[in-house]
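Colleague: Chains Z and E are the protein sequences, given in the same order. Its first residue numbered 154, the first sequence is counted upward by one per residue in my numbering. Its first residue numbered 37, the second sequence is counted upward by one per residue in my numbering.
Don't take each hint at face value.
Claimed, not checked - Once the Cα atoms are required to be at most 20 angstroms apart in a straight line, the calculated EDC-like pairs of lysine to aspartate or glutamate come out as:
{"#": "1", "chain 1": "Z", "residue 1": "K220", "chain 2": "E", "residue 2": "E362"}
{"#": "2", "chain 1": "E", "residue 1": "K333", "chain 2": "E", "residue 2": "D412"}
{"#": "3", "chain 1": "E", "residue 1": "K333", "chain 2": "E", "residue 2": "E362"}
{"#": "4", "chain 1": "E", "residue 1": "K424", "chain 2": "E", "residue 2": "D343"}
{"#": "5", "chain 1": "E", "residue 1": "K333", "chain 2": "E", "residue 2": "E367"}
{"#": "6", "chain 1": "Z", "residue 1": "K290", "chain 2": "E", "residue 2": "E134"}
{"#": "7", "chain 1": "E", "residue 1": "K151", "chain 2": "E", "residue 2": "E198"}
{"#": "8", "chain 1": "E", "residue 1": "K151", "chain 2": "Z", "residue 2": "E453"}
{"#": "9", "chain 1": "E", "residue 1": "K151", "chain 2": "Z", "residue 2": "E182"}
{"#": "10", "chain 1": "E", "residue 1": "K151", "chain 2": "Z", "residue 2": "E205"}
{"#": "11", "chain 1": "Z", "residue 1": "K290", "chain 2": "Z", "residue 2": "E182"}
{"#": "12", "chain 1": "E", "residue 1": "K333", "chain 2": "E", "residue 2": "D353"}
{"#": "13", "chain 1": "E", "residue 1": "K424", "chain 2": "E", "residue 2": "D412"}
{"#": "14", "chain 1": "Z", "residue 1": "K220", "chain 2": "E", "residue 2": "D353"}
{"#": "15", "chain 1": "E", "residue 1": "K333", "chain 2": "E", "residue 2": "E369"}
The hints are simulated quantities; they were obtained by calculation from the structure and are not laboratory data.
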Amino acid sequence: MPEGPSPRLNFGPRRADAAGMAPHTPAPETVVIEPQRGWVPIDLAELWRYRELIGFLALRDIQVRYKQSLLGIGWAVAQPLATMLVFGLLFRALLGREGMPTLEGVPYAVSAYCALVPWQLFARSLQSSGDSLVANKQLIHKVYFPRLVAPIAPLLAALVDFGCAFAVLAAMLAAYGILPDPAALALPLFVALAVAAALGVSLWLSALNAIYRDVRHALPFLVQIWMFLTPVVYTSESVLRGRPEWLAWLYGLNPMTGVVEGFRWALLGAAEPPWSAVAASTAVSLALLVSGLYFFRRLERSFADLV
Amino acid sequence: MSAATPAIRVEGLSKRFRLGSRTGLGGPRRGDEELWALRDLCFEVAPGEAVGIVGRNGAGKSTLLKILARITAPSAGRAEIRGRVGSLLEVGTGFHPELSGRENVYLNGAILGMKAAEIDARFDAIVAFSGVERFLDTPVKRYSSGMRVRLAFAVAAHLESEILVVDEVLAVGDAEFQRRCLGSMNDAAGSGRTVLFVSHQMSALRSLCSRALWLDGGRLRAAGGADEVIDAYLEDGRESARAVPLAERRDRSGSGELRFTRLEACGGGSPGGAAPATGRRLVVRIGYASAGREPLKGVRLALLWSDARGQRLTSLDTRLGNADFEELPPEGEIRCEVPELPLLPGRYRVDAWAWVAGRVADDVPHALEVEVAPGDFFGTGRTSSREKHGPFLLRQSWRIEGE
Numbered sequence: 154m155p156e157g158p159s160p161r162l163n164f165g166p167r168r169a170d171a172a173g174m175a176p177h178t179p180a181p182e183t184v185v186i187e188p189q190r191g192w193v194p195i196d197l198a199e200l201w202r203y204r205e206l207i208g209f210l211a212l213r214d215i216q217v218r219y220k221q222s223l224l225g226i227g228w229a230v231a232q233p234l235a236t237m238l239v240f241g242l243l244f245r246a247l248l249g250r251e252g253m254p255t256l257e258g259v260p261y262a263v264s265a266y267c268a269l270v271p272w273q274l275f276a277r278s279l280q281s282s283g284d285s286l287v288a289n290k291q292l293i294h295k296v297y298f299p300r301l302v303a304p305i306a307p308l309l310a311a312l313v314d315f316g317c318a319f320a321v322l323a324a325m326l327a328a329y330g331i332l333p334d335p336a337a338l339a340l341p342l343f344v345a346l347a348v349a350a351a352l353g354v355s356l357w358l359s360a361l362n363a364i365y366r367d368v369r370h371a372l373p374f375l376v377q378i379w380m381f382l383t384p385v386v387y388t389s390e391s392v393l394r395g396r397p398e399w400l401a402w403l404y405g406l407n408p409m410t411g412v413v414e415g416f417r418w419a420l421l422g423a424a425e426p427p428w429s430a431v432a433a434s435t436a437v438s439l440a441l442l443v444s445g446l447y448f449f450r451r452l453e454r455s456f457a458d459l460v
Numbered sequence: 037m038s039a040a041t042p043a044i045r046v047e048g049l050s051k052r053f054r055l056g057s058r059t060g061l062g063g064p065r066r067g068d069e070e071l072w073a074l075r076d077l078c079f080e081v082a083p084g085e086a087v088g089i090v091g092r093n094g095a096g097k098s099t100l101l102k103i104l105a106r107i108t109a110p111s112a113g114r115a116e117i118r119g120r121v122g123s124l125l126e127v128g129t130g131f132h133p134e135l136s137g138r139e140n141v142y143l144n145g146a147i148l149g150m151k152a153a154e155i156d157a158r159f160d161a162i163v164a165f166s167g168v169e170r171f172l173d174t175p176v177k178r179y180s181s182g183m184r185v186r187l188a189f190a191v192a193a194h195l196e197s198e199i200l201v202v203d204e205v206l207a208v209g210d211a212e213f214q215r216r217c218l219g220s221m222n223d224a225a226g227s228g229r230t231v232l233f234v235s236h237q238m239s240a241l242r243s244l245c246s247r248a249l250w251l252d253g254g255r256l257r258a259a260g261g262a263d264e265v266i267d268a269y270l271e272d273g274r275e276s277a278r279a280v281p282l283a284e285r286r287d288r289s290g291s292g293e294l295r296f297t298r299l300e301a302c303g304g305g306s307p308g309g310a311a312p313a314t315g316r317r318l319v320v321r322i323g324y325a326s327a328g329r330e331p332l333k334g335v336r337l338a339l340l341w342s343d344a345r346g347q348r349l350t351s352l353d354t355r356l357g358n359a360d361f362e363e364l365p366p367e368g369e370i371r372c373e374v375p376e377l378p379l380l381p382g383r384y385r386v387d388a389w390a391w392v393a394g395r396v397a398d399d400v401p402h403a404l405e406v407e408v409a410p411g412d413f414f415g416t417g418r419t420s421s422r423e424k425h426g427p428f429l430l431r432q433s434w435r436i437e438g439e
């Protein structure tokens with residue numbers, strides 16, 4: 154075994170460097186590995202360095218989900234459409250044409266689908282992101298990467314599905330002759346709010362899932378219940394009418410209430426903007442996000458031992 | 037050792053695991069048993085050095101690599117690492133069966149920490165190394181396991197990092213590919229990269245590494261020149277094989293569904309058993325027991341023979357003879373016969389493995405030490421020696437063509 158510099162041919166990668174690849178730092182950074190104690194700051198710079206991995210994992214999720222399926226990405230649209238149809242028929246049978254829980258002057262189909270699109274974004278994100286650590290345990294056992302990558306990547310994949318479902322929503326609005334007014338400019342805000350809420354909840358759930366696999370079993374159930382607690386297939390007005398103020402306030406603590414009502418306001422021209430619900434949603438989402446980040450970071454280094 | 041700043045400096049590194057379930061609601065927490073996988077480890081590795089790590093199963097080798105690769109956190113102590121660490125803890129990590137070879141190269145590269153531009157630049161080299169050009173757009177699920185491993189190793193081998201941490205990757209793939217992997221790791225070591233290499237293949241360690249660390253029960257037992265440390269490690273294995281009865285050996289791993297209780301090799305010539313000798317019949321008696329009373333289903337047994345320097349020579353493996361046992365009584369004795377032992381006189385080390393239904397049930401390194409006596413393989417009255425003739429003999433015939 155020759156010691157020190159050897160006349161041997163260079164190993165491939167080194168030569169690639171010399172040929173003008175991203176030059177490698179001559180003085181490599183030093184990593185210190187120590188036991189972790191207490192709360193750890195969130196390293197956004199490192200997360201940014203790993204942005205490509207987030208992209209590749211998201212791409213994998215999308216590619217894999219629709220491989221060998223006939224409908225392909227059409228599933229992103231079929232699911233909310235089917236949900237809308239089922240509840241439309243159900244409410245029609247129970248409440249009749251006049252009693253449909255929809256916005257004044259807006260067909261139920263539009264009101265429900267308009268809410269189902271952001272809801273699907275949230276539900277999808279929660280389901281895949283909440284299970285992300287256990288689903289990627291092979292990776293977590295074998296390679297280092299900032300563990301935050303795992304719950305973030307599925308959000309991107311869910312956003313792609315969201316884009317498809319949203320295109321159908323736009324077509325539907327056009328077909329019903331509902332034209333957007335300036336309020337539609339607020340839409341990205343509500344999308345961001347949905348993503349923040351989903352990430353906040355997912356951080357808690359995925360980290361807890363690493364310790365208690367119960368989360369995995371409870372997730373589908375949680376998402377289902379959550380949908381009924383959110384004005385998705387009905388409007389908040391239709392359930393809150395004539396109820397005490399504190400109930401409305403409590404209802405608004407669900408971060409998805411603000412998102413869904415915000416969507417309706419921005420696209421369907423609901424009379425007054427749901428500012429109080431949006432404010433409550435934002436506050437709750439941010440609280441979940443920040444606490445989730447710290448909770449996740451605190452458990453992060455033991456994930457390999459837990460999952 | 038060079039005076040330069042070490043590439044890796046480890047001080048008092050320890051890792052503790054809690055045994056037993058900790059997840060039951062209200063379950064006991066305080067009484068949990070603790071296990072120190074690593075205890076107070078200190079060592080330094082100079083830049084460009086290739087260091088082998090030896091030790092029995094459970095000695096803490098993999099835990100050490102996992103800590104250095106930042107996969108798991110230590111419980112105490114610290115490690116300083118200068119440079120990017122590439123880990124090859126298991127090739128093919130993150131390969132997705134539904135994705136094509138091409139897609140997997142990018143995904144796997146990203147997982148190992150490469151940028152898309154780096155992968156682009158090395159894509160052709162990776163594909164050429166792997167030899168799967170024709171199947172690049174086929175989903176990996178249709179690959180043979182050998183192709184999968186080749187592609188995965190190719191990606192990992194092209195990862196640019198100052199420090200390479202490798203765990204037993206050479207255990208997979210065919211001989212030709214193993215040779216290429218070794219070659220590429222050799223190049224890595226030769227080109228000034230720091231390599232930490234865990235393997236049970238002593239010959240690979242000897243040829244790749246200049247220095248070795250010997251871990252024993254989570255502690256550093258010896259550090260020094262590779263040959264020296266590996267010799268001491270093998271000698272220690274020999275002693276424990278002699279001193280502790282097989283049934284009581286603790287340095288084993290596996291599920292325990294089946295355990296070797298006795299291993300005995302003797303020459304089959306006379307009843308009662310002469311010593312095994314070159315050219316004579318060899319009989320190995322394998323005593324085993326299982327944890328339960330049920331018959332064992334789908335049992336594969338293997339005895340791996342190595343020479344005194346740790347070079348693997350041959351295997352007696354039920355799989356090779358297509359003789360896996362579909363059903364075995366929960367305890368008993370198996371007899372394995374080799375009509376003519378081709379091994380030349382000397383000391384041999386035998387590692388014993390058992391699988392039940394495809395899972396490793398027992399894995400005892402150095403389960404048996406066999407002394408092969410000189411014998412007359414060809415029936416010519418002459419004996420042969422290792423120094424002159426190599427490790428084993430082949431039946432042969434010689435004649436003039438055409439007669």
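Colleague: Now, for every hint given, state plainly whether the structure supports it.
Modeller: Evaluation of the provided hints:
no. : hint            : result
1   : K220/Z / E362/E : violated, 38 angstroms
2   : K333/E / D412/E : violated, 40 angstroms
3   : K333/E / E362/E : holds, 5 angstroms
4   : K424/E / D343/E : holds, 15 angstroms
5   : K333/E / E367/E : holds, 12 angstroms
6   : K290/Z / E134/E : holds, 18 angstroms
7   : K151/E / E198/E : holds, 16 angstroms
8   : K151/E / E453/Z : violated, 23 angstroms
9   : K151/E / E182/Z : holds, 17 angstroms
10  : K151/E / E205/Z : holds, 7 angstroms
11  : K290/Z / E182/Z : violated, 28 angstroms
12  : K333/E / D353/E : holds, 17 angstroms
13  : K424/E / D412/E : holds, 15 angstroms
14  : K220/Z / D353/E : violated, 40 angstroms
15  : K333/E / E369/E : holds, 16 angstroms
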